[in-house]
Amino acid sequence: MRPLPQEDFAPAPRPASAGLNILVVGVGGQGVLMISKALALMAQRRGFAVKQSEVHGMAKRGGIVFSHVRFAEQVWSPTIARGEADMLIALEWAEALRWLDHLRPGRGVFIADTRKIVPPFACRSRKLGAPSAYARETPADVVGRHADGCALDATGIATALGDSRAANTVLLGRLSAWLDYPVAEWHEVIAAIVPKGTREINRAAFDAGRAWTPPAPDEAPAASAAAAVAPGPDLRIGVSIDAAWCKGCGICVKLCPERCLAMDGPKAIVRTPAACTGCRVCEWLCPDFAVTVRNEGVPA
Amino acid sequence: MTTLTALHGNHACALAAIAAGCRFFAGYPITPSSEIAEHLSHAMPKVGGTFVQMEDEIASIAAVIGASLGGLRAMTATSGPGFSLMQENIGYAAMVEAPCVIVDVMRGGPSTGMPTRPAQGDVMQARFGSHGDRPVVALAPASVQEIYTETIRAFDLAERLRTPVTVLYDQVIAQLLESVAVPAPSAVRVRERKWANGASGWEPYAADDDGVPAMARPGDGHRVHTTGLTHAESGFPTQAPPVVDRMMRRLLGKIDVNRALIEKHETLAAEDAEVLIVAYGITARAARRAVTTLRETGVKAGLFRPITLWPFPEAALARLAGRARAVLVPEMNAGQLVLEIQRIVGHTPPVRPLTRIDGEPIAPDEITAAVRELAVHA
Amino acid sequence: MLDATPKTTCDQKAPFDPREWLRLAAMPHFMCPGCGHGIALRALLAAVHDCGIAKDDLAVVCGIGCSGRVGGYIDANTMHTTHGRPLAFATGLKLARPDLTVVVVTGDGDCLAIGGNHLIHAARRNLDITCLMLNNEVYGMTGGQASPTTAATRVTSTTQSGAIEPTFDACALAAAAGAGFVGREVTRQAPALKTLIARALRHKGFAFVEVMSDCTEIYGRKNDLGEAPEMILSQKADMRPEQHRDAPDQPFRPNALPTGVFVERDLPEYGERLRAHAAAIRGEITP
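Chains as they are written, first to last, in the working numbering: chain D, 3 to 302; chain C, 60 to 437; chain R, 1322 to 1608.
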C-alpha cells in the first residue's frame, strides 16, 4: 500500500476487487467484534470468501480482545500471521502498539484510537499522580514512521456525538476511507448489526470517522504529554500507629503492599511514610485499632 | 371499686400481672403453670403488651430480662423443671439488677416427678438455685386472693429493688377456684423503677442509701454496659478485691436494708402459743384449721405464716418462737424451710419438721396430731 | 425519657472514625495480638456508621467467650449476657424496644453449641435482629477446646490427637431454619465484610452473618498455622470448596466454605407480625 499522504485527508481507496487481511484489536467492551462483523458482511456482499476468528472469551470488560478478518477470492487460514496484516484497527492505544508487528512491513495501514485504558498492573506505584508503566510511545512515534495510517481520538469524537460507545464506529468510518465501497452500503450494513435505538448515532459516528482530517500541527493538543505529577510526600496521605494500642501482631507490616511499616521490637512503626499510598489495608486489618490512615478523598 | 369474682389461681396471677403493669411475658409450656401463659397470650396484646412463647425456659427468662433491660415490666411462669433451667439467668438478673418476676408453680419432684401433683419442694431452689451469693426475694401466697395481691407486690418489689422476685405457690392453689376481690386499677400500686435522669457523674451501679442504683434505658443517652461479670459502679468488669467486696456487699445488702419493705407474714393465735406452727402456702391453710381445732380443745397452738419466704421474716418469728415451747414446721417436702427455722430459733424451743412427699397436701388432722404430741412431750 | 443526656446522632456522610464508636477508657481491648475479632469489630462499627445508626439507638447483645467481650468496647447500649443466650436476650429486648437496632455478637461455641437452639428459633421467628457469629473454630476464652466448627484433625485442648467430629455449616443451618438474610465473609476481606454487615443491618428480619475469624494465640499455635499475618493471608488460599467436598479427612479450615450472601429474601418480620396480631386481637383492625 502506498504511504498515507498526511496532507490529503482522503486516502486512496483500495480497489474493491482485492482481498485483505484486517486485524481488529482492543479490550473487552469496546466493540471490536462489531467492526469485524461489519467488515465480514461487507466482504460477503462483494462476493469474497470470508474468514473471521476472534478471541474474546476471557476478556470480560477490560481484557484483551482481537479479531482476524480475512477476505479474498479464496481464504485458507483463518488467522493472520505476523507481518501479514494489511490493516490494523486498534480501539485502544496500547493494543495498537502490541499488534503493530502484525502489519506488513512498510505497507500496512494503521488506524488507532489514541485513548488509553490503563490496566491496574501498569500502576506500579500506587501513589497519587505517580507515572504509570503504560506504553510511552506516542502517535507521532508510530504513524508515518513504522506504519502508515492515522491515530485519532475516536472516543472523544464519539463522546462529542453523544455516546462514547460509538468510538468503534468512528474507527470503522475511518477505515472505510481506504476501501472502495459505496457509503450507502456501509450505512446499510451498520444499521443491520447495531441495536435499533443506536442506528442514528452509529451512522453519525461512521460519517464523522470517514470525514476525519488530521488536525493542523498548531491545533494538536499540547496537553497530550502533560507532565506526570512527580511522586513525593503527599500531605493528604499518611499513616500513623498508636503504640499504646499496638500489640505487635505484625499483620500491618506483612500486608502493607508498599512495605511502609516495620516491626520495632514488640511494636509496629511507620518506616517509610512517603511510600504510603493510603490504601488502608493496614487500617482495616489492624485488630487493635492502632493504625490510622489519612487519605483525603478516599472513603474509609 | 373492688370487684368480687371467682378465679383459678393461675388466672388470678395472669390478671394481677396485667394490673401491675406487666407488659412482657415470655414462657414455655409446663404443667401446672401453663394457664398463666395461656391467659396472657390473649390478655397481653389487649393492653398493648407482648406475649411470646420461647423455645425453652432458658430463653424465656432471657427474653424477660432483655425486655426488662429495655424498660418494661416483665414476667415468666414455670414449674420446677423449668425453674431449674432458669437458674443461671435468674442469677444474671440479680447480678445486673434487672427487675423481673418469676412465677414457680411447684409440683412433685425431683426430676419430672409428679407434674399434676402439688409440692413445696422448690423453697430452697428459690433461695440457692443459682450459683454464688445473690439477693433473693421469694413470696409464697396461700390463696387465690393472695396470688393476686402477692403477684402485684412481686412487681412492686422487683421494680423498686431492681431484682428478680419469685412467686412460689403449688399446684393446688394454682388450679383452685376461689373468689377474689379484684381491686380497682387505681388501687393497684406498683412503684416506678428508679430511672437515671442524666445527672452528671451518674454511674449505672452507684447506689443510693437504699442500696438500689437508678437504672438507664437504652436510648436515653446513657449507653450503659450490662454484664454478668462482677462489675464496678461504672458497669465494667473488675476483679479488684476491694471493689468486688464493696459491690457484692451492696448487692446483697440492698435486701437487708429493705427488709421492712419486703418481709410480710401473718399470725393466728401466735402471741401466747405454746406450740407455734410455721407453715406457708397451701399447708398454712391446713395449719390454720388445725390451730382452730386445737384451741377449741384447749391446746395453745398458734400459726406463723410467712408470706415472704426469702428473706425470711426472722425477727418476727424469733420473737414469737421465743415464747413457745415447741415449733412445728409442716411442709410438702422432705424438710426444707425447717432448716431456716432451726437456724433462726436455735435449740430452744425445739423445731420439728412434719413432712409429706407423696404428692398429697398435708391434712389438718396430721398437723393436729403432731402438735398434740409436741405439746405433751415438749 | 426524663432529662437524660442529649441523644446522639450519626452522620453517615462524615468519614468513619472508630474512636468515635469505641469506649476509649476500655481500650486497648483485651483480645490477643492478631485476633480476628478486633477486625470484625472494626467492620461492624464501620457498617453501623454507614447505615447512619446513632449510638443511642444501637444495642449490642453478646454471649460468653471471646466474642462476648466485643460488645463492651462499643460506645452503645451493650449487654454481655450468659453463655449461648444472647439471641434470647435480644429477642426480649427487640420485642420490648422495636425502636432499637439490635445486633447480637456471638461465637461458634456460643451460637452453635450451647446456643444452637436459640439460633434456629431466632431464624425461624425472623425478628429484626442482626446476628454476627465470629467463628474462630475454637473456645478461645476457656483455653482452646474444640467447638462445633473445629475442623477434623485439628488439635485443640480437648482433641489433642485431632478432632474427629463433623462440623456445622452455620450459614446452611441458619438458612434452613428460615433466616431471611444469610452471609459469610473472612476478616481478610474487611471492607467486603463491612459491606456485608451493612446489608445485614439494612435487612428487615433476622440476618445471620458468619465471620471467619482467626484465633492466633491458641488455635493457630496449636495447629502450626503460623503467626497472625500468615493466618490472615491463608484465609484466601484456604478457600477451597472442592477440598471440603472431596477430602473431608484432610485438614482444612472451615473458611474453605464459600463466602458472600447466600440468602436474601423478604419474609414477614416477627415484630410487625406480632403487633399486627395484637391490633387484631384488640379489634383495631380486621385480621
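Keep in mind that the hints were calculated from the coordinates and are not lab data.
Check each hint, because a few of them may be wrong.
Stated by the list, open to error - Some chain R residues near chain C, calculated using beta-carbon distances under 7 Å:
1. HIS1350
2. PHE1351
3. GLY1373
4. ASP1377
5. ALA1380
6. THR1403
7. ILE1602
Small disclaimer: the values here were computed from a predicted structure and weren't measured.
From the three backbone atoms N, C-alpha and C, an ideal C-beta is built for every residue, glycine too.
Agreement of hint R:ASP1377 with chain C interface, Cβ distance less than 7 Å: Status holds, d = 5 Å.
Going by Cβ atoms only, is R:HIS1350 closer than 7 Å to chain C? Not OK, violated: R:HIS1350 not within 7 Å of chain C, min 12 Å.
Can R:THR1403 be said to touch chain C, with a Cβ gap under 7 Å? holds, 5 Å
Closest C-beta approach of R:ILE1602 to chain C relative to 7 Å, hint status: holds, 4 Å
Per the CB criterion, is R:ALA1380 less than 7 Å away from chain C? holds, 5 Å
Can you verify the interface hint for R:PHE1351: is its Cβ closer than 7 Å to any Cβ in chain C? violated, 10 Å
R:GLY1373 as chain C interface residue, shortest Cβ-Cβ below 7 Å: Hint on R:GLY1373: violated, closest Cβ of chain C at ~16 Å, above 7 Å.
The structure fails hints 1, 2, 3 (numbered hints given earlier, in ascending order).
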